[in-house]
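> Chains as they are written, first to last, in our numbering: chain A, 257 to 371; chain B, 229 to 340.
Don't read these hints as lab results, they were simulated from the structure.
Bear in mind the structure is a predicted one, so any value in this text is a computation, not a measurement.
Beta carbons are placed, not taken as given, at the ideal position from N, Cα and C, and that holds for glycine.
Treat each hint with caution, since some may be false.
Said to hold, decoys possible - Incomplete in silico selection of chain B near chain A, CB under 10 Å:
1. VAL232
2. GLN266
3. GLY271
4. PHE317
5. ALA319
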Amino acid sequence: GAVVSQHPSWVICKSGTSVKIECRSLDFQATTMFWYRQFPKQSLMLMATSNEGSKATYEQGVEKDKFLINHASLTLSTLTVTSAHPEDSSFYICSAPPGQGYEQYFGPGTRLTVT
Amino acid sequence: GNSVTQMEGPVTLSEEAFLTINCTYTATGYPSLFWYVQYPGEGLQLLLKATKADDKGSNKGFEATYRKETTSFHLEKGSVQVSDSAVYFCALRTNTGNQFYFGTGTSLTVIP
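The following block holds chain A by itself, in its conformation from the complex (with noise of 0.2 Å):
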């Protein structure tokens, strides 16, 4: 099936700082990308959907400034965590479906950390 990795794989970065989260697809090409957040016993919340070549859409309450995306190519998306605070510690998932109608595959998630 098709493979969706994530980098790192866990980070802790200190108050104020930020943070770069990697996501690829590895074996096909998506124009779209997901990025969603995991709170510990909770269920993932989109945050946004990374378009390529245009500018990312933001979920109702997501701070896009803080949250910036960057779909670089039809491989790659990035989520930088701006001036992190410890609230913003979670696990930040990825997904991308192959195409159209198509079910996402996920990334291995990201566990951030901010002290």
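Add chain B to chain A, keeping to what the hints say.
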């Protein structure tokens, strides 16, 4: 609006027990329905899916039937194994795009 309601866990079963995890949904139009599984330390993996009413998705002994009349997609397995221990997510995808809506997840632990 679109939403998925999933039975809360955690669920603990003995090996070879019967499993049911309830899932109901609210959606506009005719969504596709999915069950994803997340093993410890791993990403979500598609377990099974159904794209229209009365379809039955099945995989690895798990089954779920798309019931439009009850807006449900309950997950069942006749005999669980220790290796089935994971978190299970019910999800829907609208028929207008690729956006998914997830339930809160149900943690399953199977003990020998």
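> None of the hints should be skipped; say for each whether it holds.
Checked hints:
no.: 1; hint: VAL232; verdict: 8 Å, holds
no.: 2; hint: GLN266; verdict: 9 Å, holds
no.: 3; hint: GLY271; verdict: 4 Å, holds
no.: 4; hint: PHE317; verdict: 7 Å, holds
no.: 5; hint: ALA319; verdict: 8 Å, holds
Checked against the numbered hints listed earlier, the structure breaks none of them; every hint is satisfied.
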